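J.: One letter stands for each residue in the lines below.
2 protein chains.
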Amino acid sequence: MMSLSKLTRWAAAAACALAIAAPAQAEKVYRLKMAETWPTNFPVFGDAPRNMAAMAEKMSNGRLKITIDSKNKHKAPLGVFDMVRAGQYDMGHSASYYWKGKVPATLYFTTMPFGMTAPEQYAWFYHGGGMELMEKVYSKYNLLSFPGGNTGNQMGGWFQKEITSLEDLKGLKMRIPGFAGEVLAKLGASPTNIPAGELYTALERRTIDALEWVGPSLDLRMGFHKIAPYYYTGWHEPATELQFMINKRAWDRLPADLQEILRVAMRTAAYDMYIHSYHESAKNLEIIEKDYPNVKIRSFPEDVMAALRTANDELLTEKAKEDPLAKEILESQANYLKTVRRWTDISDKAYLNSIAQ
Amino acid sequence: MMSLSKLTRWAAAAACALAIAAPAQAEKVYRLKMAETWPTNFPVFGDAPRNMAAMAEKMSNGRLKITIDSKNKHKAPLGVFDMVRAGQYDMGHSASYYWKGKVPATLYFTTMPFGMTAPEQYAWFYHGGGMELMEKVYSKYNLLSFPGGNTGNQMGGWFQKEITSLEDLKGLKMRIPGFAGEVLAKLGASPTNIPAGELYTALERRTIDALEWVGPSLDLRMGFHKIAPYYYTGWHEPATELQFMINKRAWDRLPADLQEILRVAMRTAAYDMYIHSYHESAKNLEIIEKDYPNVKIRSFPEDVMAALRTANDELLTEKAKEDPLAKEILESQANYLKTVRRWTDISDKAYLNSIAQ
Chain A
1 MMSLSKLTRW AAAAACALAI AAPAQAEKVY RLKMAETWPT NFPVFGDAPR NMAAMAEKMS
61 NGRLKITIDS KNKHKAPLGV FDMVRAGQYD MGHSASYYWK GKVPATLYFT TMPFGMTAPE
121 QYAWFYHGGG MELMEKVYSK YNLLSFPGGN TGNQMGGWFQ KEITSLEDLK GLKMRIPGFA
181 GEVLAKLGAS PTNIPAGELY TALERRTIDA LEWVGPSLDL RMGFHKIAPY YYTGWHEPAT
241 ELQFMINKRA WDRLPADLQE ILRVAMRTAA YDMYIHSYHE SAKNLEIIEK DYPNVKIRSF
301 PEDVMAALRT ANDELLTEKA KEDPLAKEIL ESQANYLKTV RRWTDISDKA YLNSIAQ
Chain B
358 MMSLSKLTRW AAAAACALAI AAPAQAEKVY RLKMAETWPT NFPVFGDAPR NMAAMAEKMS
418 NGRLKITIDS KNKHKAPLGV FDMVRAGQYD MGHSASYYWK GKVPATLYFT TMPFGMTAPE
478 QYAWFYHGGG MELMEKVYSK YNLLSFPGGN TGNQMGGWFQ KEITSLEDLK GLKMRIPGFA
538 GEVLAKLGAS PTNIPAGELY TALERRTIDA LEWVGPSLDL RMGFHKIAPY YYTGWHEPAT
598 ELQFMINKRA WDRLPADLQE ILRVAMRTAA YDMYIHSYHE SAKNLEIIEK DYPNVKIRSF
658 PEDVMAALRT ANDELLTEKA KEDPLAKEIL ESQANYLKTV RRWTDISDKA YLNSIAQ
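If you read the sequences in order, they're chains A and B. Residues 1 to 357 (this note's numbering) are what the first sequence spells out, left to right. Residues 358 to 714 (this note's numbering) are what the second sequence spells out, left to right.
With the rest of the complex left out, here is chain A:
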């Protein structure tokens, strides 16, 4: 049996050991590795995860450290879904519509032709059931998905020739990937995909007749305004929302305060990118119009827009028939758009149209 004095000393030592252990526990550093789809130093898009990681590290007093590998490092820009799912990376920064080949219903969480604008879509995500539907799609793959930053309305693209009628779309060779390419193909265009580094030369040498990229925020540095005279307003990506994704096990390992720090940092970084994009587009558009006054900004004629819309709606009807989950998401979006667009029409749209005079 231990003597009382020994017991006292032992208890004091044990208490002391516990006290020493406590701060070490409190200061445990959690490290997350993130893969982004973008190349190193990609502006605006690449700024969003870095803004997020900086906020998270500072708010957590260094307890949450997120390192970001660009595609130059991991070499798999379109492998982010698989790498995060497998736990090779804890997090990803990408865009949901890139995964439609693997999981068709992921298409609907980025932006849709003739769909919602950025504030309308954020309202759908956060108040109209969008987050719940995204969780329904991603939870099967052991992933959490969150809005990751909005580009705002993307431009319709750079064209070598003016589009005056539906006839001009026939045989048009255009770099336009994804669902919007399917819509254009229905009207006789030939959508192609070409690596970013070859786009300028392809457009200059007329290997392609047109291309879409993002908008002035990112188009300026690509130099397309130097070689294509027509810049069309947008219809196909009215509010492109990038994506933060997290492996569910990596998320579950975080204590509750760090989960909240991560959630809020992602949410803020997403909104911040929307505002950053808005600023960069405004600033760069001014540069383009000042330095290249011959660039003509055009909108597609009414009959072209109407045909694009019809083709779009037909494709969506097919997709809804193929997949009950797609049907559920598309109906949620269509219903919400109807309600929210009425408000946009009598608020921002009425305001912008009235003061233009």
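Bear in mind the hints are in silico, worked out from the structure with no lab data behind them. Treat the numbers as computed from the prediction; the structure is a model and nothing was measured. Yeah, the Cβ is synthetic: ideal placement off N, Cα and C, and Gly gets one too. Treat the hints with care, since some could be wrong.
The following label-pair restraints were derived from C-beta to C-beta distances [to be verified]:
| no. | chain 1 | residue 1 | chain 2 | residue 2 | range |
| --- | --- | --- | --- | --- | --- |
| 1 | A | P177 | B | P586 | 49 to 55 Å |
| 2 | A | P43 | B | E675 | 53 to 59 Å |
| 3 | A | T67 | B | P400 | 52 to 58 Å |
| 4 | B | K653 | A | Y292 | 42 to 48 Å |
| 5 | B | K653 | A | L166 | 37 to 43 Å |
| 6 | B | T558 | A | K186 | 55 to 61 Å |
| 7 | B | P400 | A | M131 | 17 to 23 Å |
| 8 | A | A256 | B | K493 | 37 to 43 Å |
| 9 | B | P586 | A | G171 | 52 to 58 Å |
With a straight-line cut-off of 27 Å between C-alpha atoms, the simulated BS3-like cross-links for lysine-lysine are [what the hints assert, rightly or not]:
| no. | chain 1 | residue 1 | chain 2 | residue 2 |
| --- | --- | --- | --- | --- |
| 10 | A | K283 | B | K695 |
| 11 | B | K493 | A | K58 |
| 12 | B | K415 | A | K28 |
| 13 | A | K65 | B | K695 |
| 14 | A | K338 | A | K136 |
| 15 | A | K75 | A | K140 |
| 16 | A | K33 | B | K695 |
| 17 | A | K58 | B | K605 |
Fit chain B to the known structure of chain A by using the hints.
T.: Structure of chain B alone, referenced to chain A:
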């Protein structure tokens, strides 16, 4: 001289005491008291500071606790500036333009007639020099000021009679406080201010001919749609941004991680309120139009809008002459608006106009 064994024991005890002190220090709870301008349970506006406080408390694991007193408690809805400045409260949630009687340059950090939309104005705050100008105005008063949530475009108001010409503004008795009231007064209207609780009766009994409140998000519960047939689209508050303010000494007392938690929580809560307002306006407008199909939504005629704009610009020219700081802010806003509106025109505006057909 202390024996070696005594010294060892003393050192061990001292180390142990330090170790025990450390977690206590790390877990120090910082309590901030906030006064809001709004009454208890005021929707949307009042949700913003509560969303902020909940995020801050959760992210800090309980180390940052913010309690909020509504105007029902502190009885001084327009005393928030003075109370936070004096340190009676650490923080406030209000709107910058309420302080124009004390500090004229505070007028420009909420919204301006014919001014920027919400994303344009956030871009000005965060990328166009707005935050720096706001700091310049508020730092003299020992205060920090941050965006505190946006209502989106506010409606022009509820009218008993249709406005078909400038003549109809002459003698019009309208509840419209602040700078917009000054603009209307130049055109012969009689702006008045009436407490919120008396507005419904005043409009019903024709004590006033018209009133503006916010938009469908908050107008629905006021019931104005039951007693006034005309609902006009907005011109005078295109992007009303509320305000978080903090006493500088209270801010300086916080450790760096809690300052960042507070900054990010305020930033997110502000954006979140913009999206929340958007949703509530859309939802409530649908209810108004469904239940009261006789409500007529109108925009002011072109000549009325042009006259409002001229009166507005004349008043701003006067204000710029009186105060060099006002001049600096107004020039910054006008220059930024010119650049950013061009982008809005070819992005969201072109998109919204094109797909309406």
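J.: The structure should be examined with respect to each hint, and the outcome stated for every one.
T.: We went through each hint and held it up to the structure:
Hint check: A:P177 to B:P586, Cβ distance near 50 Å, so the stated range 49 to 55 Å holds. Checking the proposed 53 to 59 Å range against A:P43 and B:E675 shows it is violated: the Cβ atoms sit about 42 Å from each other. Between A:T67 and B:P400 the C-beta distance comes to about 42 Å, which lies outside the given range of 52 to 58 Å. Here the CB-CB span from B:K653 to A:Y292 is close to 46 Å, well matched to the stated 42 to 48 Å.
The hinted range of 37 to 43 Å is satisfied by B:K653 and A:L166, whose Cβ atoms lie roughly 38 Å apart. A C-beta distance of roughly 59 Å is found between B:T558 and A:K186, which places it inside the suggested range of 55 to 61 Å. A hinted range of 17 to 23 Å holds for the C-beta pair B:P400 and A:M131, which are about 21 Å apart. Distance hint for A:A256 and B:K493: a CB-CB separation of about 39 Å, consistent with the stated range 37 to 43 Å.
Remark: the range hint 52 to 58 Å for B:P586 to A:G171 is upheld by a beta-carbon distance near 55 Å. With a C-alpha separation of about 11 Å, the suggested pairing of A:K283 with B:K695 holds against the 27 Å cut-off. With a CA separation close to 26 Å, the supplied pair B:K493 and A:K58 stays within the 27 Å bound. For the suggested pair B:K415 and A:K28, the alpha carbons sit about 18 Å apart, so the restraint of at most 27 Å is met.
Using a Cα cut-off of 27 Å, the hinted pair A:K65 and B:K695 is violated, with the two alpha carbons roughly 40 Å apart. Between A:K338 and A:K136 the alpha-carbon distance is near 23 Å, which keeps this suggested pair within the 27 Å criterion. Proximity of A:K75 to A:K140 is assessed by CA-CA distance (about 26 Å); at most 27 Å being required, the pair is judged to hold. Only pairs whose Cα atoms come within 27 Å are accepted, and A:K33 paired with B:K695 is rejected, the gap being roughly 42 Å.
In summary, the hint linking A:K58 to B:K605 is supported, as the alpha carbons are separated by about 20 Å, within the 27 Å threshold.
Hint compliance for this structure: hints 2, 3, 13, 16 are not met, and every other hint is.
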